[in-house]
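Keeping the supplied structure of chain A fixed, place chain B upon it in accordance with the hints.
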Amino acid sequence: MLSILPQLLVSGVLIGGVYALLSIGLTLIFGVLRIVNFAQGEFIMLAMFGAFWLNLALGVDPYLSAIVVVPAIFVLGMVVERFVIQRILHAPHSMQIFATFGVSVLMQNLALTLWGPDYRSVITPYTSQAYTVAGLSISATSLFAFVAAIVMAAGLIAFLHFSRGGRALRAMVQNRYAAALMGVDTKRLNRLAFGCGVACAAVSGCILTPMYYTFPTVGVDLIITSFVVVVLGGMGSIAGAIVGGLIIGIAQTVTGFYFSVEFKDVVALLLFIVILLVRPQGLFGRLGAEEMGTK
Amino acid sequence: MKIKSALLAAFASAVLMTAAHAQSTWKVGALYPLTGSLALLGTENLNGAKIAVDMINEAGGIAGNKIELVVGDASTPDKAQSEAERLSSLENLKIITGTYSSGLSYAASQVVERRGGIYWETGGISDGLTKRGFKNYFRVVFTASQNGQLAAELSSEVIAKKLNKQPKDLKVLVVHEDSDYGTSVASAAEARAKELGFNVSSRVAYKASTTDLSPLVLRMKADAPNIIIASSYANDALLIQRQMKQLGVNVDAFIGTGGIYGLPSFGEALGAAVNGIFDTEGSAGVNTAALSKDSAKLLEEFKKRFTAAHGKTPSYVGTQGFVGTHLLLDNVLRKAGSLDPEKVRVAAMAVDVPNGGTALGWGVKFAGEADPMRGQNVRAFPVAQQWQNGKLVVVAPGTVSTADAMLVPLPGWDKR
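Keeping their order, the protein sequence lines are chains A and B. Here the first sequence stands for residues 10 to 304, where the numbers follow the working numbering. Here the second sequence stands for residues 40 to 455, where the numbers follow the working numbering.
For the record, the hints were derived by calculation from the structure and aren't laboratory data. Ideal Cβ placement from N, Cα and C applies to all residues, glycine included. There could be a bad hint or two in this list.
Stated by the list, open to error - If the Cβ cut is set under 7 Å, some of the chain A residues that face chain B in the computed set are: (1) Ser-20; (2) Ser-130; (3) Thr-133; (4) Pro-134; (5) Ala-139; (6) Tyr-222; (7) Phe-266; (8) Phe-268.
What the hints assert, rightly or not - Every beta carbon over 10 Å from chain B, so not counted as near; a handful from chain A, in silico: (9) Gly-125; (10) Arg-176; (11) Asn-184.
Claimed, not checked - FRET-style restraints, in silico, Cβ to Cβ: (12) B/Asn-238 / A/Leu-14: 20 to 30 Å; (13) B/Glu-234 / A/Ser-12: 55 to 65 Å; (14) B/Met-445 / A/Leu-279: 38 to 48 Å.
Okay, chain B solo, but in the shape it has when bound:
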């Protein structure tokens, strides 16, 4: 009898403990492309997000609750949509973060908004995402337009000055892969370059999945531009550089607008020839003097953990996953004190972080209802980096840069 009651007591306490455990977990959905052609950066973005969750949990969680990410593989827009359905209805999650790619974000957030949940975007940059007037859609990162504009501004403020020329005497050629990402960045770059007085010869689109870009590179040759601004995906970026070398196309400056241009694999594939190429996007390497004490410490801790876990330093994409997710947990959910979408929305709208307050150098303030870019973080901005000695360093804007631009004009291929 005694044994029986002891067993019963043990069983009851075990049940109670699991119940208590279940109660103290807050689940947040995380949608990223983990298979298929976007897997590389989708996984990297998620890895950053996971470190944010670990750090919050180790520091005691939020209001006594442990955070758990429920991950969905959104490898295509169709899958993004069905995974968003699964997370919001079957798993009954009200807060969903993601998505790295804009196309996937469009599809997934449509579902989440309809079901009244919060969608927290930490990676997709297509302008249109925050033009839909969604009530519960928040984007932490800068937009494609901002990124393209920066490429043009870098051309006038840094490159033209180094060349001792006026924009009107410099020919700019914009080339881009023809998805939403490439098109929106490149058209913003083209428009801004024209505003700044550059002689923009043309804007040429191509398919990222192509196996050959000699027609594009021969167009470059025929055009003979001083500056090329390129939005590319992966193999296309490599083809452009290699075929430019093979076909002898030399320019004064080459600017890539994020993606592969900012990844170690780009430097590895080109060797020393990568030096001098510019890249506009966010950066994990902004001048720490421009960061608040707390965010500088967070960035350092994040880099340490990421390197330990994955054997490589985090790229910008991993860092944006970390920064966006940490912001959601530490600044928004903590303040809201609940996973109720309405409370979370109010808490998000109340966030007011000055510039330098995140590890990427940005501040955070979301555009309100009346704004045509509702839900956009108006304090996010891209930076310009340059490959120098096989590494990326931030060269503009001056507030966050760590080095001066060099190798302008770019040496000819015979000297690279």
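Next up, chain A with everything else stripped away, as it sits in the complex:
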């Protein structure tokens, strides 16, 4: 039974990459806007439908379809920010939850009305492919998701630290009003950040289309673990999303095999509780981040 451990670790790292990929946008939005976007899964779902339809109509590879789908979702995200998020930015948490949850329900049912409840899938040559390295099997689609997560996280971190816009964003995160006084256009930055956050969701949607069925409620199943990952990694921390994703992925896979497949989520959540008891702000988070910059 122990001989299978290396494979379990590899599989755990790969699914951890998927979790990280799904979580980056969520943590970015929280980090800047201090809003938990409960509609994040639905933006993933919309991107999956985009990739699916482009594949069906024009035979576009789902990965390539990101070139069209991601900008489209980015614009949609800015529209949602303008008409929903902006209005609740300073509202109580419960109202923020209701608003983003409402967007989620709306988008689910819109997809249901437009495209029906069917399970759609895209078959590509690499859909069920695996590479074998030293006797260990590496799923091609998961590997790509893992690489995409790392690239996306590295790109965002570089942007935040080395560009003018990124500095402005960090300044705003530290203190909204001081930043505004220094001439930072906070409204525009908020909109940009929300657009980027859901664009990250769109990237993950395009990348996951060859792995899962596409249907109106797929976002709910996909995003649920991300909330845990984001809190574990530290809300707002992009590096935290990667590390959190990997920890949850490995914990689930190893305990799923040795202990119980059914309770693999429970084990991951127990680990989550233990880490939070030791570090309430999450692995890479700062204490009080949820209030920071809003007052």
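Just chain B now, kept in the frame of chain A:
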């Protein structure tokens, strides 16, 4: 004056006509999950039911009454309960049909039974539904236990024979999603497989909403079973197949127990790799030679209408909605001649259709008061199908099959 009286007469006759129209409509409640995660099959089930209503109405309705379905969206057990309340109290409906999913049926029928109405289940298969001793609850379809048992029987009667092995020399692994549906089908499969002498290595539960099943598939790898019996929901079924391929897990036979395994989307997602996989549930493709003349004609007419309306052939779930609803209207309400629950109950208990008398190959006879499965159609049975050349064909039992099982043992992934 003349104009005034003419207008009055016209108005009066219009009122009379609407009144007559209202009088001649019989309303029946229909509860299905039409939004949320169960929407796909809930809608399909309802679409089947609607065709039954159309066909009855076009043939003159029942005792001069047109049938109208009053639809409620029962997407969760809570909503099933509140919609059942709405239909039985606000709409004052005494006959309610549904529900596709067992969990929803439990919730909705509780309300209807309490209010003295009839609950007519055309889809939920959990055994417990007919173990509650409800007076007015009728289930047309087979049970989860029957379905699980069939998977085990298929293993001994078809698969073991093709492999030229005794059950004791074959290792069976049962995996299932952990809701009521998966658990009840899988535990029945496990129990029956043990009875039949198989070496059942274990039964492994998992969550259907999961995004990764590599621990499950690696357990399969460590176990190295000959036969896998799986009860799944949707993405989980796809993950099992794809991760089995990626992790190189080969088996002699793979049996899915209904749901996604019998849907076109499963074949579409797997391409040629779907061929050889078995599926146990009902089927719209039973051998028409086993059907009575009338039911064969009904099935053909239903398929024609469904395809015309929805641009795809009906799955089993759509067909069960049709068969169950047609039975309710044509055999029960027609005989009862009224929507009075007591009369409808008596008419339902009197139904006696021999096997082959419905489009799914079943007969109909409901278990009576003394039976521990009160209200269950004792003549309903699941069938075993297999994906062959991208299509499902019925391979067992012999009385309704249209083809022989093939691809046993299942070729390795490198050859699929």
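Hint check:
1. With its C-beta approaching chain B no nearer than about 4 Å, A/Ser-20 sits inside the 7 Å limit, and its interface hint holds.
2. A least Cβ separation of about 4 Å between A/Ser-130 and chain B falls short of the 7 Å threshold, and the interface hint therefore holds.
3. Evaluation of the A/Thr-133 hint against chain B yields a violated restraint, the C-beta minimum of about 11 Å exceeding 7 Å.
4. Given hint, A/Pro-134 at the interface with chain B, is violated; its Cβ is 11 Å from that chain's nearest Cβ, farther than 7 Å.
5. Using the Cβ-Cβ criterion of 7 Å, the hint placing A/Ala-139 at the interface with chain B is satisfied: the shortest such distance is roughly 4 Å.
6. Interface restraint check for A/Tyr-222: the shortest CB-CB distance to chain B comes to about 5 Å, inside 7 Å, so the restraint holds.
7. Taking 7 Å as the C-beta cut-off, the interface hint given for A/Phe-266 holds, the closest approach to chain B being about 4 Å.
8. Here the hint on A/Phe-268 is broken, as its CB sits about 9 Å from the closest CB of chain B, past 7 Å.
9. Non-interface call for A/Gly-125 relative to chain B: violated, since the shortest CB-CB distance, roughly 8 Å, does not exceed 10 Å.
10. With a closest Cβ-Cβ approach of about 36 Å to chain B, A/Arg-176 is found to remain outside the 10 Å limit, as its non-interface label requires.
11. For A/Asn-184, the condition that its CB be more than 10 Å from all CB atoms of chain B holds, with the nearest at approximately 38 Å.
12. The given range of 20 to 30 Å is respected by B/Asn-238 and A/Leu-14, whose C-beta atoms sit roughly 26 Å from each other.
13. For the hinted restraint 55 to 65 Å between B/Glu-234 and A/Ser-12, the CB-CB distance of approximately 34 Å leaves it violated.
14. Distance hint check for B/Met-445 and A/Leu-279: the Cβ-Cβ separation is about 47 Å, which falls inside the suggested range of 38 to 48 Å.
The earlier numbered hints that this structure contradicts are 3, 4, 8, 9 and 13.
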